[in-house]
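Keeping their order, the protein sequence lines are chains U and X. Number 418 in the working numbering belongs to position 418 of the first sequence; there are no gaps in the numbering. Position in the second sequence counted from 1, then plus 1000, gives you the working numbering.
Treat the hints as calculated values from the structure; they're not laboratory data. Keep in mind that a hint or two might mislead.
What the hints assert, rightly or not - Residues on chain X that point at chain U, a partial pick, calculated with CB under 7 angstroms:
hint, residue
1, S1057
2, R1066
3, R1188
4, R1411
5, T1414
To be verified - Covered by chain U, per the in silico footprint, the following chain X stretches (three or more residues, Cβ under 8 angstroms):
hint, region
6, 1031–1043
7, 1076–1089
8, 1128–1141
Stated by the list, open to error - Residues from chain U shown here face chain X by an in silico Cβ test under 8 angstroms; the list is partial:
hint, residue
9, N40
10, A59
11, R191
All residues carry an ideal CB built from backbone N, CA and C; glycine is no exception.
Protein chains: 2
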Amino acid sequence: MPKTNDPPHVVIVGGGFAGLTAARSLARTPVRVTLIDRRNHHLFQPLLYQVATAGLSPAQIAAPIRSIVRKQKNIDVMLGEVTGIDADRREVLLDEVRVPFDYLVLATGARHSYFGHDDWEPFAPGLKSIEDATDIRRRILTAFEKAEWESDAATRTALLTFVIIGGGPTGVELAGKVVEIARHALRRDFRNINPAAARIMLVEAGARLLAAFPQTLSDDAKARLEALGVEVVLGKPVTACDADGAVIGGAQTRARTIVWAAGVAASPAAHWLGLPADRAGRALVDGNLAAPGHDAMFVIGDTASVKDSGGKPVPGLASAAKQQGAYVADAIKARLSGRSVGPFAYTNMGNLATIGRNAAVVQLSKIQLTGFVAWLFWSLVHIYFLVGFRNRIIAVVDWIWTYLTYDRGARLITGGQSAKKPVGPAS
Amino acid sequence: MPKTNDPPHVVIVGGGFAGLTAARSLARTPVRVTLIDRRNHHLFQPLLYQVATAGLSPAQIAAPIRSIVRKQKNIDVMLGEVTGIDADRREVLLDEVRVPFDYLVLATGARHSYFGHDDWEPFAPGLKSIEDATDIRRRILTAFEKAEWESDAATRTALLTFVIIGGGPTGVELAGKVVEIARHALRRDFRNINPAAARIMLVEAGARLLAAFPQTLSDDAKARLEALGVEVVLGKPVTACDADGAVIGGAQTRARTIVWAAGVAASPAAHWLGLPADRAGRALVDGNLAAPGHDAMFVIGDTASVKDSGGKPVPGLASAAKQQGAYVADAIKARLSGRSVGPFAYTNMGNLATIGRNAAVVQLSKIQLTGFVAWLFWSLVHIYFLVGFRNRIIAVVDWIWTYLTYDRGARLITGGQSAKKPVGPAS
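The following block holds chain U by itself, in its conformation from the complex (with noise of 0.2 angstroms):
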């Protein structure tokens, strides 16, 4: 326990953008700040699709959590895992330990949802962390590598089929980028098969894609897609994925590669606190974003429910949880120094997602933007996001070279088991 003349403690659990937001704003305020994350690396999640699909290394767009923080002087970083939360004694539980806390933040991100069917999981996995984004490169990868030497005409195509399972921004941005690899990246690459020639399907339950967009973007989204080659398919669910591929509105579609972008679930913060959750499991908070009757334990980012002005729900957004990271910082200063802060409110910053190579839709308040205009300003808020991240001008250099030579250069097939396996030629 701290001694009595210590800065009090606030203990933030996830080095997300939530959670390092947080960190950061108590920079000059008179506490202790721990940052616990199993990962030792903060990830610039809205590039991790390009990672997916080979356009970038993941060093590109990770970062040492202790090398971003490494100027504030009353941080430390802790490397594990947090198993719950002892809300009476107020410690934070990790397996061989308790880190005891004043204040505590937990930003602990969320994970794919199967919607109760986890089985499919092994089929189509999703993408979240680093290793998920290795994962599903090696088998987009491998996919055309087993194709090249399969002699049965249907497995060929089964290997030559990818099926992207939900239209939000993820599910659009991975559709672009696997077809920009078969169309451009692998084109001259094979002998026997035309990579070129591969079938990939966006497939989206709802009405339309890009559902937190307006219908205009959802439409320019859907017709930009299909003129780079993406099959588009609407108002289908998908109701089984195993080995073979999956069944899309009641109809088989044989496929080897599946990725899940269709649905996402908080992590268990709710349950440590033993708090009320919506149907995705994020914690319902008070309108200071604390558990309700804990006024000094903050829930925040994609693992908390929070609703905007107008009753909505806060959207996933790195801005939405950097939004909040501030809020909480701001809530504990106000606290320590004996003033009340109002209750948090969301600014909608837009939406933005990328079609293939150099298309994008943006929505900010008044303003929609589409195609090459709305690419270019999805790259500069990018890079103006990375500022304090990584060195700037390194990851600028990187994209442009990368951008410019049609390089994927991180087409690396590493880990799992099928790189080992076999594949056979038509001899």
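We have chain U already, so just place chain X on it with the hints.
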């Protein structure tokens, strides 16, 4: 089986320096080449230690074999694991298929060898593949993370002790980089420990480092490593490795991170062909690098035991592997046109090893270089050899940035179980 009017079929197993050079040297020869590897990428192995020490990302030193040979129309690339050779029927065996050949080139390389102590491997991993490198990177970085929160002083010391076994170029280069990580890259990132106080030991059973180099260069390397802060231990064999550390020259040294750079064992090419092998498992080939009695089956690179004109073994260097690859291509061309070819003659291109950040030792036939001049030479040679391997400009830009900024951008802990195990705080 090929039809009689088909061009002869050359099957090359292994896409390392030897196999890839053989394949490329057959570009304008009227043969059909199939290049089989269990990985989809060629690895620039001389820089693998940089991945293990977080200086470079895997994608910076590896490139898809398919991309490298994209423009060579007579090559098929196959991802698969060879399980044996049927020499009588002239077929390469993979799990599910057989690939017939007219000429066979086995260039399957080597793995590390524990000299009969394979039980040491979990505690002292070696460095041959990308997975090896990211595993070692994870171990090194995790040790610092654990030390930061370890309350027991003796355990903390063990966590901050790094033992590198083997004083060849790999061991020397690893030691120089690990000490750089501790003294520079991590210097300001921890609160409770001083990474610069880490103990980095380089242990060699023989009388000197870099036994393949002249004595003066060995002495220079030792002095420079010691100046950087490496503890060089000579003439002391390692007789045990376990989770607690290593027994070095009879004395127990507590260390949580051990890296094995002491010995290699050839892949089972000799076994596949029923050939006699040397102590390291390398196939004993004839003067034409062919299996005695099977003049259409060649064994080259690290998996072959080859002697130079003076009767000394040809070393396991990239330049030696490439010479052998080019030689068998010539031998096959000669055979096809009814010419004869003299025995393989090895040209010693010299030895290079870097020491830390801006020094190296270089031994060319009559020239010896040390220090910064040697390092410049080393850098130029490595940039030169990246030609045709990956876009040279990107690699060089990456490297210059990494060098100038001291940025170990690839400091990621990924995969493995350790990353998920909690690391306890001292509270």
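Hints and how they fare:
no. : hint      : in the structure
1   : S1057     : holds, 4 angstroms
2   : R1066     : holds, 4 angstroms
3   : R1188     : holds, 5 angstroms
4   : R1411     : holds, 5 angstroms
5   : T1414     : holds, 5 angstroms
6   : 1031–1043 : holds (count 5)
7   : 1076–1089 : holds (count 8)
8   : 1128–1141 : holds (count 4)
9   : N40       : holds, 4 angstroms
10  : A59       : holds, 4 angstroms
11  : R191      : holds, 5 angstroms
The structure is consistent with each of the numbered hints, conforming to all of them.
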